[in-house]
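Protein chains: 2
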Amino acid sequence: MGTTQLETVPEPKYWHLKTVLSEALDQDFAVGEVLPNERELAARFGVARATLRQALEQLELEGRLQRRRGVGTTVAPPRLGVAVGSAQHCWPGESGDDWTPVDATEAVPPAAALGLLGTAADQLVHTVRRTRVTQGQPVAAELLYVPAASVPGLSAIDAPAGPARARAVLRELQRLVLEGQDRSVELGSARADDAKELDRLPGAPVLLVTTRYFTAAGTAAVSVATYRADTCRLTFADTGDVEITHDARAAS
Amino acid sequence: MGTTQLETVPEPKYWHLKTVLSEALDQDFAVGEVLPNERELAARFGVARATLRQALEQLELEGRLQRRRGVGTTVAPPRLGVAVGSAQHCWPGESGDDWTPVDATEAVPPAAALGLLGTAADQLVHTVRRTRVTQGQPVAAELLYVPAASVPGLSAIDAPAGPARARAVLRELQRLVLEGQDRSVELGSARADDAKELDRLPGAPVLLVTTRYFTAAGTAAVSVATYRADTCRLTFADTGDVEITHDARAAS
Numbered sequence: 602m603g604t605t606q607l608e609t610v611p612e613p614k615y616w617h618l619k620t621v622l623s624e625a626l627d628q629d630f631a632v633g634e635v636l637p638n639e640r641e642l643a644a645r646f647g648v649a650r651a652t653l654r655q656a657l658e659q660l661e662l663e664g665r666l667q668r669r670r671g672v673g674t675t676v677a678p679p680r681l682g683v684a685v686g687s688a689q690h691c692w693p694g695e696s697g698d699d700w701t702p703v704d705a706t707e708a709v710p711p712a713a714a715l716g717l718l719g720t721a722a723d724q725l726v727h728t729v730r731r732t733r734v735t736q737g738q739p740v741a742a743e744l745l746y747v748p749a750a751s752v753p754g755l756s757a758i759d760a761p762a763g764p765a766r767a768r769a770v771l772r773e774l775q776r777l778v779l780e781g782q783d784r785s786v787e788l789g790s791a792r793a794d795d796a797k798e799l800d801r802l803p804g805a806p807v808l809l810v811t812t813r814y815f816t817a818a819g820t821a822a823v824s825v826a827t828y829r830a831d832t833c834r835l836t837f838a839d840t841g842d843v844e845i846t847h848d849a850r851a852a853s
Numbered sequence: 602m603g604t605t606q607l608e609t610v611p612e613p614k615y616w617h618l619k620t621v622l623s624e625a626l627d628q629d630f631a632v633g634e635v636l637p638n639e640r641e642l643a644a645r646f647g648v649a650r651a652t653l654r655q656a657l658e659q660l661e662l663e664g665r666l667q668r669r670r671g672v673g674t675t676v677a678p679p680r681l682g683v684a685v686g687s688a689q690h691c692w693p694g695e696s697g698d699d700w701t702p703v704d705a706t707e708a709v710p711p712a713a714a715l716g717l718l719g720t721a722a723d724q725l726v727h728t729v730r731r732t733r734v735t736q737g738q739p740v741a742a743e744l745l746y747v748p749a750a751s752v753p754g755l756s757a758i759d760a761p762a763g764p765a766r767a768r769a770v771l772r773e774l775q776r777l778v779l780e781g782q783d784r785s786v787e788l789g790s791a792r793a794d795d796a797k798e799l800d801r802l803p804g805a806p807v808l809l810v811t812t813r814y815f816t817a818a819g820t821a822a823v824s825v826a827t828y829r830a831d832t833c834r835l836t837f838a839d840t841g842d843v844e845i846t847h848d849a850r851a852a853s
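If you read the protein sequences in the order shown, they are chains A and B.
For the first sequence, our numbering gives the first residue as 602, with consecutive numbering after it.
For the second sequence, our numbering gives the first residue as 602, with consecutive numbering after it.
FYI, nobody ran anything at the bench for these hints, they're computed from the structure.
All C-beta atoms, glycine included, are put in the ideal place defined by N, C-alpha and C.
Misleading hints may appear alongside valid ones.
[As the list claims (entries may be wrong)] Listed next, with one range per pair, are the computed distances between beta-carbon atoms:
1. B:Asp699 x A:Gly763: 45 to 55 Å
2. A:Gly719 x B:Glu634: 25 to 35 Å
3. A:Arg645 x B:Thr735: 24 to 34 Å
4. B:Gln738 x A:Thr701: 33 to 43 Å
5. A:Ala818 x B:Arg772: 28 to 38 Å
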């Protein structure tokens, strides 16, 4: 990673610097290795600190670098592929689901979930918090909103709180016949509570996965899952068995 | 949007400010309206410019604000739902696909696509550039990598360049029997060429959707699509018809 002359390049300096740094990461650094500090790096590449910082931010967005408090900037391992499509073609909590129920409360859902659930703006719904750990790393935190109408058999006194309550809500939900689900993915920023569970700072970029589960009667539950954008690559498997997918296409 | 006292709040100032600003956007501003400048906003809320800027960055990540050169900071419309799952359960360019072929060249694919294609590191592959416009807005730019082995009938002299060449590559690809596809979504930063097509600055946060199309012989093509993260919410439809999905589940 020698001194590089950037003065003669027509594209934005930080952009070219990003490319140069990216190559240096491939060649001269190991995963987990701590980068020299900003002053040293800026001097080495002959750029202003602001330019360096822009390039580092780009590399962080692309998942090449991680910045952690008390550690500094390190070379990130490749992103983890985390299955979103396949394992969840069933109710939350059914077998094959690698989420851990943490707690359940009753709360008014945020506006986005409210719109999908169609419940009244002041109506409390069961709110199950779950976390997902993949290869020993916390990758996602979820809030699952379940209106009381979806779980009529749920008793208020049986398992009133904690993981047992969360499991009770999921168990009741699984009594319904799941007719389908749809899902969206968008960029967001981590809320303080999710950030803590995900070992990130509040406001860190995250991927928000919103899933709507529906029965013949309408939307039975809505999940809003917050995935770490720095370490995760969300994977969507092929839709089931290939022949059956083709048949479905031909029939529709 | 009156003066708000933030001094007594225990959470990070910019975080609370973000919440206050978000409510102000709902109540006092219309979509497309230009916000007062940073100095004025900082004075109004009694915070430092740096704090204000952090809060504005959060709101931009969440898709609430847009910053555009020469315009300033405006209130963003709700994100566009852009279907990723359903329309693409067929070869790129088949009917129902709303991408526009722009050009086709031969190039060595980037490392990520190379790994999925399994071609040699110095092998040129057909590289089709396409763009996607939804409701009049450019939402995505795509590079589709097609090894020569996937399109053996393609003639070098027929339609040597431009959109006609791109269509010729797609047409040849569609002769193969598509056995399946898989897909991943991750956070990235816009490359300069994509940024230009998407009317963004280089380095803007984007959602990278990588799709692998495979036949019985292996991977036939790899698409890397860059979606605007500020204006797009990627939607994944339920897997085909509901009954058929259930049958597929029961059978597997």
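Evaluation of the provided hints:
At roughly 48 Å, the beta-carbon separation of aspartate 699 of chain B and glycine 763 of chain A lies within the given 45 to 55 Å, and the hint holds. Between glycine 719 of chain A and glutamate 634 of chain B the beta carbon distance is about 29 Å. The supplied range of 25 to 35 Å therefore holds. Arginine 645 of chain A and threonine 735 of chain B have their C-beta atoms about 44 Å apart, which leaves the hinted 24 to 34 Å range violated. Separation of glutamine 738 of chain B from threonine 701 of chain A is about 40 Å and conforms to the stated range, judged on CB atoms against 33 to 43 Å.
A C-beta distance of roughly 45 Å is found between alanine 818 of chain A and arginine 772 of chain B, which places it outside the suggested range of 28 to 38 Å.
Hints 3 and 5 from the list above are not met by this structure, while the remaining hints are.
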